[in-house]
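J.: Protein chains in written order, with our numbering: chain A, 1 to 167; chain B, 1 to 167.
Treat each hint with caution, since some may be false.
It does not matter which identical chain is used: a pair holds within one copy or between any two.
Claimed, not checked - In silico DSS-like links for lysine-lysine, alpha-carbon gap of 30 Å or less: (1) Lys154 to Lys74; (2) Lys94 to Lys154; (3) Lys74 to Lys84; (4) Lys94 to Lys74; (5) Lys154 to Lys88; (6) Lys94 to Lys84.
Bear in mind the hints are in silico, worked out from the structure with no lab data behind them.
There are 2 protein chains.
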Amino acid sequence: MRCYAQLIAAAVLATLRSLTAAAELTPAPNGLQRPDGYPDWRLIGVSHRTENGTLRAILGNDVAIAAAREGHTKPWPEGTVLAKIVWKERSHPKFATAIVPDALVHTEFMVKNSARYAATGGWGFGRWLGTEQRPYGTDANFAQECFGCHAGAKDSDWVFTTPVHLP
Amino acid sequence: MRCYAQLIAAAVLATLRSLTAAAELTPAPNGLQRPDGYPDWRLIGVSHRTENGTLRAILGNDVAIAAAREGHTKPWPEGTVLAKIVWKERSHPKFATAIVPDALVHTEFMVKNSARYAATGGWGFGRWLGTEQRPYGTDANFAQECFGCHAGAKDSDWVFTTPVHLP
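Work out the full structure: start from the sequences and follow the hints.
T.: Structure representation (structure tokens):
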């Protein structure tokens, strides 16, 4: 009985923590909430943007990972969420030719919901800045900036990243 | 009843597939088996080695992720496994300044077992080449090459990667 009580208390505590974390984070100006739990998502790809000196990891939720592994990404299925984590680059202090992450620049998310985000290719865009994760943009039009940049990836459902395949 | 039979059949099939996959992959010359399931592991870091033109993702098993998040990496705990996936770099065809993964070069693993791998800093090293994942090295001494290169990271328990923190 004591064991059950402890389990219930732990579950309540975890739920409260989760709700508190979600409540603290301001949604993007288009109403997009930053997806919870993205640090536990699996790998979709990596990149290095040399023109602005940033390293990136691209992670996907379960829908995204299943689609990537089955090769069903043109288009990505409804419910796909892609996370891009962006850091300033630095040289590794003990390995000068290795470029590694420095400070976090921002996290970015693309949420596939063709009905809700029809104006931006079926994708909801959101970006949260720095370690404080302050939402980017002053009004809902901010997403047009994201979508404009992603125009170059129209042939791959507005997504630049080709998923890696791990043998 | 039919539902149970289907579930059991699926479980048996999954187990057989897993055993077959493990049996097909040759261990490293030091006896290290490539850890199963690493594509589902979570993110520890990314890097770009500019002197040999490769991009890397570093993933960790559950022990590694817990240690990274709690800041207990000097030393990393027993049972830690780190995976490094290495690709040749290429410019993104639609975004020239973005360096992204091309062909897989190899996967590399570090397994913390201080008793078994006392001769190489408590870490078992293994590398599997290309999409066919052929083990690297002709005899167990191959690991001295890995360990020699990791000497520069002695102060951080022979691991170059500083885990990223995701807010």
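J.: Next, verify each hint and record whether it holds.
T.: Status of the hints after comparison with the structure:
no. : hint            : verdict
1   : Lys154 to Lys74 : within (10 Å within a copy, 45 Å between copies)
2   : Lys94 to Lys154 : between (41 Å within a copy, 10 Å between copies)
3   : Lys74 to Lys84  : both (19 Å within a copy, 28 Å between copies)
4   : Lys94 to Lys74  : between (42 Å within a copy, 16 Å between copies)
5   : Lys154 to Lys88 : both (27 Å within a copy, 25 Å between copies)
6   : Lys94 to Lys84  : both (27 Å within a copy, 18 Å between copies)
The structure fails none of the hints (numbered hints given earlier).
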